[in-house]
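Colleague: Sequence:
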Amino acid sequence: MPTDQLKDIHGLDAISWWPLAPGWWLLLFSFLLVILGLWIWYYRHAVSKCQGDWRKDALIEWQTIPPSPLPTRAQVEQLAILIRRIAMQRYGRQSCAGLTGNQWLAWLSQHDPTGFDWQQRGRILIQLPYLPADATMDTDQVHTLYQVIKTWITAEI
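Its first residue numbered 1, the sequence shown is counted upward by one per residue in the numbering used here.
Check each hint, because a few of them may be wrong.
Calculated pairs, DMTMM-like style, for lysine to aspartate or glutamate (alpha carbon to alpha carbon, straight line, at most 20 Å) [claimed, not checked]:
(1) K56 / D13
(2) K150 / D112
(3) K150 / D138
(4) K150 / D53
(5) K150 / D134
(6) K150 / E61
(7) K150 / D57
(8) K150 / E77
Think of the hints as simulated: they come from the structure by calculation, not from any bench.
Work the whole structure out from these sequences, hints included.
Modeller: The following block contains the structure:
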């Protein structure tokens, strides 16, 4: 019979998934580039946030201590706190956190980006706690401190 001579149809062999076609390699490479780009962007954003935020925060705080509306004593107290925090941010807590009195002023003079003489002109910072509440302070000296502290915020190390 003629149908006995027919042979069964065999299917094609299964297509192997490996090696990948060039389009899949291109897609995989593109995906890895996107992941790498996002990781680099996140890392740079996180690092810049850690390094740059203290300057923005310090500048905002500096602007809240305007020379005129606050009493002079309150200005100097806030400026003393601000310069201490700025110094710790710039040079590390170990470098200056424990310094007091003349050692603190000497450290400030040594590390000041403008060369301001803290030992002579910034003495009010260490004398303030010992002054009577009604003591008068030189407003020009306070204004000078105010401007010098701004340079600490904006100057590069």
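Colleague: Each hint needs a verdict: does it hold in this structure or not?
Modeller: Hint check results:
1. K56 / D13: Violated: K56 and D13 sit about 66 Å apart, past 20 Å.
2. K150 / D112: OK: K150 and D112 at ~12 Å, within 20 Å.
3. K150 / D138: holds, 19 Å
4. K150 / D53: Between K150 and D53 the Cα gap is close to 15 Å, so the pair holds against 20 Å.
5. K150 / D134: Distance ~27 Å between K150 and D134 Cα, so the pair is violated.
6. K150 / E61: holds, 10 Å
7. K150 / D57: holds, 12 Å
8. K150 / E77: holds, 16 Å
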